[in-house]
Amino acid sequence: MKILVPVKRVIDYNVKPRVKADGSGVDLANVKMSMNPFDEIAVEEAIRIKEAGKAEEIIAVSVGPAKAQETLRTALAMGADRAILVETDEEIEPLAVAKILKAIAEEEQPGLVLLGKQSISDDSNQTGQMLAALMGRPQGTFANTVEVDGDAVVVKREIDGGLETVKLTMPAIVTTDLRLNEPRYASLPNIMKAKKKQLDAKTPADYGVDIAPRLTTTNVSEPPVRQAGEKVEDVAALVEKIKALGIA
Amino acid sequence: MNTLVLVEHDNSSVNDATLAVVTAAAQMGDVTALVAGHDCGGAAEAAAKIAGVSKVLKADDAAYAAGLAENVAPLAAGIMADYDAFLAPATTSGKNIAPRVAAHLDVMQISDILSVEGDKTFTRPIYAGNAIATVQSSDAKLVITVRGTAFEKAATEGGSAAIEDASGPGDAGTSSFVSREVAKSERPELTAAKVIVSGGRALKDGETFESVINPLADKLGAAIGASRAAVDAGYVPNDYQVGQTGKIVAPEVYIAIGISGAIQHLAGMKDSKVIIAINKDEDAPIFQVADIGLVADLFNAVPELTNAL
Ligand SMILES: Cc1cc2nc3c(=O)[nH]c(=O)nc-3n(C[C@H](O)[C@H](O)[C@H](O)COP(=O)(O)OP(=O)(O)OC[C@H]3O[C@@H](n4cnc5c(N)ncnc54)[C@H](O)[C@@H]3O)c2cc1C
Ligand SMILES: Nc1ncnc2c1ncn2[C@@H]1O[C@H](COP(=O)(O)O)[C@@H](O)[C@H]1O
Numbered sequence: 001m002k003i004l005v006p007v008k009r010v011i012d013y014n015v016k017p018r019v020k021a022d023g024s025g026v027d028l029a030n031v032k033m034s035m036n037p038f039d040e041i042a043v044e045e046a047i048r049i050k051e052a053g054k055a056e057e058i059i060a061v062s063v064g065p066a067k068a069q070e071t072l073r074t075a076l077a078m079g080a081d082r083a084i085l086v087e088t089d090e091e092i093e094p095l096a097v098a099k100i101l102k103a104i105a106e107e108e109q110p111g112l113v114l115l116g117k118q119s120i121s122d123d124s125n126q127t128g129q130m131l132a133a134l135m136g137r138p139q140g141t142f143a144n145t146v147e148v149d150g151d152a153v154v155v156k157r158e159i160d161g162g163l164e165t166v167k168l169t170m171p172a173i174v175t176t177d178l179r180l181n182e183p184r185y186a187s188l189p190n191i192m193k194a195k196k197k198q199l200d201a202k203t204p205a206d207y208g209v210d211i212a213p214r215l216t217t218t219n220v221s222e223p224p225v226r227q228a229g230e231k232v233e234d235v236a237a238l239v240e241k242i243k244a245l246g247i248a
Numbered sequence: 249m250n251t252l253v254l255v256e257h258d259n260s261s262v263n264d265a266t267l268a269v270v271t272a273a274a275q276m277g278d279v280t281a282l283v284a285g286h287d288c289g290g291a292a293e294a295a296a297k298i299a300g301v302s303k304v305l306k307a308d309d310a311a312y313a314a315g316l317a318e319n320v321a322p323l324a325a326g327i328m329a330d331y332d333a334f335l336a337p338a339t340t341s342g343k344n345i346a347p348r349v350a351a352h353l354d355v356m357q358i359s360d361i362l363s364v365e366g367d368k369t370f371t372r373p374i375y376a377g378n379a380i381a382t383v384q385s386s387d388a389k390l391v392i393t394v395r396g397t398a399f400e401k402a403a404t405e406g407g408s409a410a411i412e413d414a415s416g417p418g419d420a421g422t423s424s425f426v427s428r429e430v431a432k433s434e435r436p437e438l439t440a441a442k443v444i445v446s447g448g449r450a451l452k453d454g455e456t457f458e459s460v461i462n463p464l465a466d467k468l469g470a471a472i473g474a475s476r477a478a479v480d481a482g483y484v485p486n487d488y489q490v491g492q493t494g495k496i497v498a499p500e501v502y503i504a505i506g507i508s509g510a511i512q513h514l515a516g517m518k519d520s521k522v523i524i525a526i527n528k529d530e531d532a533p534i535f536q537v538a539d540i541g542l543v544a545d546l547f548n549a550v551p552e553l554t555n556a557l
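Residue numbers (this note's numbering), protein chains in the order written: chain U, 1 to 248; chain F, 249 to 557.
Among these hints, one or two may not hold up.
Below, a list of computed lysine to any residue pairs in the SDA-like style, where the Cα atoms sit at most 20 Å apart [what the hints assert, rightly or not]:
| id | chain 1 | residue 1 | chain 2 | residue 2 |
| --- | --- | --- | --- | --- |
| 1 | F | Lys521 | U | Gly229 |
| 2 | F | Lys521 | U | Glu222 |
| 3 | F | Lys467 | U | Ala244 |
To be clear, the hints were calculated from the coordinates, so they are not data collected in a lab.
From a predicted model like this one, the values you see are computed outputs, not experimental measurements.
Next up, chain U with everything else stripped away, as it sits in the complex:
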């Protein structure tokens, strides 16, 4: 079985994004970029499934600028076998990404596609579900545990009230939540080895996908800023404040 892992290059989660003064977007110039954290979890899970002898090959895919190669190299250094960069400098929406991934899945025929549940940049939480619908396949979103069992995969999902388990016939689409695993760091030798792994360069046109955006962002602004309040001296003062709020 092959596993396809889409990885997105996003602003590093430790960086506080700054809105551009002209309202055109978030300033990404000279900002540290990394692999979307949920995608690291997806790569890690794919590696664990392969290590358990249940998959033969892991293919990492990224749709984005040439620099997304770095993100793919990170996936390769963690343990992915080869990578595909679908290069575009345009802003690309989840629906278009899902269409490209569908075309790649048709070529590669993976048993599983493992995605992050959400990009921490656009916070869409859509791509995996869209891909599943376009492929007519089942989905296990917000995965807490993933168990491949013959031609099915059992996914325990993090839901609002707790946990839910579903059984999906493969090929299936799974999106990762935070508790699925703790991603490994790539070792130096593996980083060196990753440089020699196969990385194919494609374009959206190669897959016949129209990536013209459906949404236009007309403005990006700062949210209302919250002012820091006061610090109280001691617990007694805090008790007074809480009583004044009328909740105790």
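Got chain U sorted already, so can you dock chain F with the ligands onto it with the hints?
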């Protein structure tokens, strides 16, 4: 505009999250509520009473019992032939289903809207709420998820919508429901609570978390939340997580205890009316958003506070 609202329910009653969606939909046009479930007559009747709902479509079929997205999305997409916009709550269930509906309709979903600005224009948070984008759709139909804290809840009484039966393709046959582990709690639900007491990594372990946080929450009739660090370390279940990738809350009072205030946590609670923080580090970022701060060791301060209330 004719809107179709996906009702979140347990077959007998309607979940609160739906009420904010009805409010958002009513700002866009006429509201039809879709209740997909099994033996879901109770939920359909409850939906018919929601103020602002003009029609209820009830799809009652074993295939929809567990709310599997593979089965519900084609049903909704089919019904959308007669509607202009599909709206679902930005809950785990809405987020699971809505993008599938969007893909079936070949439209881009607009996630987690904060406001309706015009016919096809909305605001939504990006980058963990550090920026607010105004987006305009060029698609023929709209698919939207709605942030529950951003809209008033529609009244649960006052409507008298007609209930009609609807049907769809049924079971897609690719997935099945196995089980659900849902903890029943006497406490208010996190996203509906007026007061929330949240604990972070500083709480050490599950037992300590419970012995420090629960008595204070009991005194205040509060729901309990947590940071990701507290959830990852297993102090509390995953559904306690407040934040960018957990639950979004906006209670009257949010009390953060031993939580540093990472942007991912702030994303989930910074719209609370009053924020109170207890942290031993006076430079913790949580104090930059707190209305009332106490620099103290929580293991002394919280029991003392609980006793004094
Ligand atoms: C993709 C991604 C998504 C994420 N999503 C979320 C999310 O949804 N929600 C979320 O919360 N986080 C999220 N995070 C994690 C986030 O970045 C932080 O790591 C997390 O919020 C930290 O939790 P914490 O404040 O409990 O722990 P820490 O940052 O370790 O803070 C502990 C605090 O406790 C204080 N403290 C220690 N001992 C005491 C004491 N005795 N008395 C008083 N104070 C004490 C310390 O001063 C410190 O400020 C996410 C991260 C990533 C990468
Ligand atoms: N441009 C992209 N390239 C590769 N994978 C992507 C891209 N955009 C989204 N994804 C995948 O889809 C997941 C969800 O993203 P989103 O729907 O944008 O929140 C991410 O965690 C990635 O796994």
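To see whether the hints hold, each was checked on the structure:
no. : hint                 : verdict
1   : F:Lys521 to U:Gly229 : holds, 12 Å
2   : F:Lys521 to U:Glu222 : holds, 19 Å
3   : F:Lys467 to U:Ala244 : holds, 15 Å
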